[in-house]
Amino acid sequence: MQVASASHCPPSTRMEVLRGLRSALPIMLGFIPFGLVLGAQARMRGFALFEVPMMTGLNFGGGSEFAAVGLWTSPPHILLIVGVTFLVNSRHLLMGAALAPYLRAIPRNKMLFCLFFMCDETWALSLTDARKTGFSLPYYMSVSLCLYMSWVIGTAIGAVAGPIMGDVSRYGFDMAFPAVFFVLLRGMWKGMASALPWGVSLGVAVAAYMVLPKGWYVPLGAVSGGAVAWVQARS
Amino acid sequence: MGAGTVMTVLTLLLMALATYCTRIGGYLLLNRQHIAPRTAKVMEAAPGCVLIAVLAPDFASGRMADLLALTVTLVAAMRCSLLVTVLVGIGSGWFFRMILPS
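Order-wise, the sequence lines are chains X and B.
This note's numbering numbers the first residue of the first sequence as 1 and each following residue consecutively.
This note's numbering numbers the first residue of the second sequence as 1 and each following residue consecutively.
Hints listed in this document are in silico derivations from the structure and should not be mistaken for laboratory results.
The model shown is predicted, which means the values in this text are computed figures rather than measured ones.
From the three backbone atoms N, C-alpha and C, an ideal C-beta is built for every residue, glycine too.
Treat the hints loosely; a few may be bogus.
Stated by the list, open to error - Here are some, though not all, of the chain X residues that point toward chain B, as calculated from beta-carbon distances under 8 Å:
#1 MET54
#2 GLY62
#3 GLY63
#4 PHE86
#5 HIS92
#6 ALA130
#7 TYR148
#8 PHE173
#9 PHE182
#10 TRP198
#11 ALA205
#12 TYR209
#13 VAL211
#14 LEU212
#15 GLY215
When you get a sec, could you build the whole thing from the sequences and use the hints?
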């Protein structure tokens, strides 16, 4: 699909699109199992079939989507879910700022559109690329669209297939959820400096979950962990 | 379209808006120098703190079988791929709940 649309472009653009395709391929394979698990879990939490690709297509941020599904109720707590989404994705602010100096040659409106697709992996690939040879928009968009399509399609397949195998929930299937989170957290690990804020966040959240009404444990835990990181950053 | 669906769609739209703001926010600020190093550290720590707090109910269940399964899953997550970790999580959850009924 990418290759076909690139055939009308000048050769250099076409090469960049193909280069993006090659970079994206192994990551796409990694996205599929995450997407299947997310789609299946969202359906277990009461998402309608169309709501799963709607969420992953409009939001396109795996960590925040797993968090939203974990906190999902019917009807959802809008403020909690939107707030958690913002916090989980707040790392994009730093990523965008790091990429910004390489984007000066690109018209702002075009870039505002293209940044919709920026995810951790695209950002890492494009920034490495930009440092070597300058930012390449065809390369960035090629990687972005490959990953975007595999995420939306993967989660949609999970949403269709999940309820078919629904019965496995009683065999410990709910442990798939913390398992995915642990793997996501491993990717965010920044050495031992991460241990204390995370530990405090978890401890406060567990305590808040046991004594306070539902909905308080995530903001209280996250704010406590953030406060520890704030104190740590001084030394 | 029922009231529940309207709430769901509204939540999903606002989620998408919040995420898009994080994607363009850094670009519009243009330069990392506008963010104080200390603020940057807190922003780096925030996503992990939020994700781990979301897991609180799993740790607060108080069931020995769940805590053992979580520990085994955590160890698996440090070394294995996603698929293996998920299988270890499901398998250990099934196993410990079978041998340690609550």
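So which of those numbered hints doesn't the model satisfy?
-> 2, 6, 7, 13, 14, 15
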